[in-house]
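Q: If you read the protein sequences in the order shown, they are chains A and B.
Residue numbering for the first sequence is 1 to 619, as defined by my numbering.
Residue numbering for the second sequence is 1 to 619, as defined by my numbering.
No lab work stands behind these hints, which were simulated from the structure alone.
Quantities reported herein were computed from a predicted structural model and do not represent experimental measurements.
Certain hints may be false.
One copy or any two copies: either way a pair holds, since identical chains are not told apart in the list.
Under the rule of at most 27 Å between Cα atoms (straight-line distance), these lysine-lysine pairs were calculated in the DSSO-like manner [unchecked claim]: (1) Lys342 with Lys275; (2) Lys257 with Lys616; (3) Lys568 with Lys446; (4) Lys513 with Lys257; (5) Lys275 with Lys223; (6) Lys220 with Lys568; (7) Lys200 with Lys42; (8) Lys562 with Lys223; (9) Lys40 with Lys89; (10) Lys200 with Lys166; (11) Lys275 with Lys220; (12) Lys562 with Lys220; (13) Lys342 with Lys446; (14) Lys342 with Lys513; (15) Lys616 with Lys80; (16) Lys220 with Lys513.
The primary structure of each chain is shown beneath.
Number of protein chains: 2
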Amino acid sequence: MAEAVDLQEQEVPYQETRLYRIRHSLAHIMAQAVRDIYPKVKFAIGPPVENGFYYDFDLGVDDDGNPMRFSDDDLEQIEKRMQEIIKGKFDFELREVTPDEARELFKDQPYKLELIERFLTPDEFGMYLDPNGNEIDHPPQLTTYRQDSFEDLCRGPHVANTKEIKTNAFKLLSVAGAYWRGDENNPQLQRIYGTGWEDKKQLKDYLTQLEEARKRDHRKLGKELDIFTFDEEVGPGLPLWLPNGAIMIEELEGLAKEMEENAGYHRVRTPHLSKEDLFLRSGHLPYYEESMYPPMELEGVRYFVKPMNCPMHHKIFGSRPRSYRELPIRLAEYGTCYRYEKSGELFGLMRVRSLQMNDAHIYCSIEQFEQEFINVVNMYLAYFRILDIEKYVMRLSTHHPRGLGKKYINNPELWQQTEDLVRNVMRDNDVHFVEVADEAAFYGPKIDVQVYSAIGREFTLATNQVDFAQPGRFDLTFVNSEGEEETPLCIHRAPLSTHERLIGFLIEHYAGKFPVWLSPVQAVVIPITDEHYDYCRQITADLRAAGIRAEFDDSSDRMNKKIRNAQKRYIPYMLVVGDREMEEGAVALRMRSGDDKGALPLAEFIAMAQEVIREKRYE
Amino acid sequence: MAEAVDLQEQEVPYQETRLYRIRHSLAHIMAQAVRDIYPKVKFAIGPPVENGFYYDFDLGVDDDGNPMRFSDDDLEQIEKRMQEIIKGKFDFELREVTPDEARELFKDQPYKLELIERFLTPDEFGMYLDPNGNEIDHPPQLTTYRQDSFEDLCRGPHVANTKEIKTNAFKLLSVAGAYWRGDENNPQLQRIYGTGWEDKKQLKDYLTQLEEARKRDHRKLGKELDIFTFDEEVGPGLPLWLPNGAIMIEELEGLAKEMEENAGYHRVRTPHLSKEDLFLRSGHLPYYEESMYPPMELEGVRYFVKPMNCPMHHKIFGSRPRSYRELPIRLAEYGTCYRYEKSGELFGLMRVRSLQMNDAHIYCSIEQFEQEFINVVNMYLAYFRILDIEKYVMRLSTHHPRGLGKKYINNPELWQQTEDLVRNVMRDNDVHFVEVADEAAFYGPKIDVQVYSAIGREFTLATNQVDFAQPGRFDLTFVNSEGEEETPLCIHRAPLSTHERLIGFLIEHYAGKFPVWLSPVQAVVIPITDEHYDYCRQITADLRAAGIRAEFDDSSDRMNKKIRNAQKRYIPYMLVVGDREMEEGAVALRMRSGDDKGALPLAEFIAMAQEVIREKRYE
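Extracted from the complex, chain A is given alone in its bound form (with noise of 0.2 Å):
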């Protein structure tokens, strides 16, 4: 049973716990430790960050103008360093400086220069920034912090002595190119991750699920498990689907239009473009343009690829009159859409430019909203179980009053009123969801689930919509029980995200050993010596007469080899088949995790792995 994570008891600010100062001040220590040994280094920033720390540094060029990096070596002298640092249990010290001191104390060091001018001077309303980032109405005290002999600015908090710091609670991990403020424009400098943690045992947990996490990511297995390929003459963000990757595809559909037909959903399809017209019409011109790709001029029309499905949707619900009777109607399509993501901010599935979505839009009556509302909700419980998905949570996305007109619709009035429909419905329903200002969709409240996968990463996966805006936008209504025109609300939602983000939270979910149902082969039947070959080839049509995706391994390899290579596939079952098995029309069965099961007759194994299939089960 997938369980609802509290966020509202986790929420203690980082910046008020003990792992924070611990981290900051390892930053600290580690740009000690590239001082003494690179004295000419210049420092720019280096805050803790999630699970760790990093800190940037400008090496210099070398002979050639190119920037000096970071070697391995380096990484490890410098922790070796850092450690000597901390064993020599040096105090924090807090020092108030003014402009001209600080000017002064870090006349060397450029970056630093550059943040302190950035303190000093008022923006255009006259207001300047402390170091969190906060508006204030007069310059900040500055300060800085001091170890041993390297004094940094900062406004910390850091541990009072390096002494509370463990020479075995921290690692440094990795070496990147990061530019100053984040600008290409600017310099390029190193940036030094590190990891650091309260004590030994937290830091190898960590390490351990990091090594995890790279055994998992989905652009590795993805390769490997022949799942998805990128093509450089394709474009970056357009994944092409590998055969394997289509079957998982198609039973991700198959599960969808099973559940949305018992809930009473019709399939559509809609094109991939369409005129400027239609979104104009939607809104998605100009509230949502930069998102979109441009447009293609036919004839003098100007064609856009749809970034989202509902206008389609919206056009086939006003094809023609609606009663009240016909309402709720439900409108889903696997359809694919197409958005601009800037290529540096592209990630394997995970931030693509195509999306193949699993898009719905209910159309239903004001009294109707809650019952639809709460069965979407109930829609997406159904489907963690299925994909075991264990832990969860619902974030209520809201306006900002700041974007009316910009990023939102402008009409206050809608949105307090849909926002507050949709806390009511959840309330009532004891759903729980915590709430974030700022960042609905444009034409309404939305709902993402952020869903865990089975080594605690996050992934926002699903997403519910009320749309208040587009229904009257598109002059869609529906001739209520009074013989009245009336507005239909309108609910976006997509319970099973896009194939490219599912297939990629799966992926690193499952670590590619996915349920019998969604595995690409879910057998395959191995021959312990060339006279068993007729059988196997027998059973194998069988196995898939009874729709088992099942292959037969009539490679040149020998038996220990074929099983490996199936397991380095990650297939469910492997079918060995020797004398024994053939005389008694029998199959010896083998699990992926090793198991051996033993012989069972053919039969047996088919109607025991068609339940499986059928339900669901893991394997």
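Following the hints, position chain B against chain A.
A: Only chain B this time, still in chain A's reference frame:
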């Protein structure tokens, strides 16, 4: 069993038939009749066409400067006058005229004068066109034909005397606008279409067929049966599939997936757009650019929506090294492509801009080619059996040397080779076909399959193309059994055409009365009185659980109205339920034809319907 039409035997040139002479003569007689009614009319041209004839007239402009048009009353009056002319028993007299005589004769007929000058003016190579459009090296001899008082510039042939035409064997059908020489910058003319036959019976049969075709028009039925819709704001040529259409699509895809899975195809999924690099490599740019949507420019890179799926599949083939052991590799995708057709040329579902194609690409060695090619042809025939298609023609389209380097890849030797290959495979396997020059794909020869609907209308559906060019352009190779790199051949095939064209065809072929498996609603449950509602609801649920798409008509209409409504929607099975049926757990089965099958136990009906659906029998 589908039957190949042997076009070779039918090929008596139309121009040499008696029907052609009758129709040509009717065109002149119509022109005379129009002149007798509108003495100031200007004549353009008036040829025989398939099933009839037309003539283009310029009636001048009205007081507001708008072109004058014929009314329906005019057609009747013209027909009457034609009958009088025919009864006059006039000879058609041929006369050779000099250029000056012709200019004098047609001095008040500007279109005829333009034609005369066109015949008499040599082209840049010093060649002339004769009235048949053939190049000759001298100005053609001008001729006229005259009946009664009407003389027309014409090369014939005609009947000898109007008495050869039966006054009850022709009919004027319609008036349409047409531009002089088909150019919209020229004046608009009024075209009158007529049909003409040897006798009254032939005319009657043709008019009946025409009426039947009108009833079956997929645009009319598509709307009445809620299958698809177009929307002005989405754009021309971009159909939106309504729930009933989406069900048909899902059924057709299910059929294709089953057939393809059994034939060893693998499914893939690819994006709808790509960087231009892909289409430069494939050769779509420049060979096919005029049929493509214009580019979108993103981050300085040009992207195109795909006009075909092939380049994407080539990329998947090339995404890793391939061995001869894997071949043939058959990649299938119901991919949606976008092509630019001029808005004036769009026509319902038959000429559209978005095409979801039953696409696949088969990569094989030259030795495997024959078997793969014949398998594809046999797959066509299997589909024809399922879809009750009884007549078809295969057309082998070859290149033409004059298009080399323009519309065809410039490799004359490979064209010759591949065309021979296909020709021989077809002959060796006794597949009937006709050859058409200059209609190949740019990358190789193709087989188009024309099928005939139940009422004999011809549709070009399937396509099967041999590609000797793209595998090389994409550097596709496999390691052959000698360990050497070899380039595969590629077969492009689409037996079920596109959803758009196939469903358009099926609507007309079945006149909307689809086989049960394709019917959006397969059964409707109709209660005799309110007391049967609960039982009807239960039955409907049972039918759905048994995989039958069933509806319960719980409207306030009376039973007979409900039956009529279901018949109008061509729902195959109507299950009427009264007291007796309720008591016995039965249903009274009525077919959409009106045929009353009487009562039978529900379980028996379910088993029967399931079998009809599973075996894809008509009903």
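Q: Against this structure, judge whether each hint is valid.
A: Hint check:
1. Lys342 with Lys275: both (24 Å within a copy, 15 Å between copies)
2. Lys257 with Lys616: both (15 Å within a copy, 22 Å between copies)
3. Lys568 with Lys446: For Lys568 and Lys446, the Cα distance exceeds 27 Å both inside one copy (41 Å) and across copies (43 Å).
4. Lys513 with Lys257: both (24 Å within a copy, 26 Å between copies)
5. Lys275 with Lys223: Between copies only: 22 Å across chains, 37 Å inside a chain, cut-off 27 Å.
6. Lys220 with Lys568: Cα proximity of Lys220 and Lys568: one copy only (13 Å, versus 56 Å across).
7. Lys200 with Lys42: For Lys200 and Lys42, the Cα distance exceeds 27 Å both inside one copy (31 Å) and across copies (101 Å).
8. Lys562 with Lys223: Cα proximity of Lys562 and Lys223: one copy only (20 Å, versus 56 Å across).
9. Lys40 with Lys89: within (25 Å within a copy, 114 Å between copies)
10. Lys200 with Lys166: So Lys200 and Lys166 pass the 27 Å test inside one copy only (8 Å; across, 106 Å).
11. Lys275 with Lys220: Between copies, since 25 Å is at most 27 Å while 39 Å is not.
12. Lys562 with Lys220: For Lys562 and Lys220, only the intra-copy Cα distance (22 Å) is at most 27 Å; the inter-copy one is 59 Å.
13. Lys342 with Lys446: Within one copy only: 24 Å inside a chain, 41 Å across chains, cut-off 27 Å.
14. Lys342 with Lys513: neither (32 Å within a copy, 50 Å between copies)
15. Lys616 with Lys80: neither (52 Å within a copy, 75 Å between copies)
16. Lys220 with Lys513: The answer is within: 14 Å in one copy meets 27 Å, while 51 Å across copies does not.
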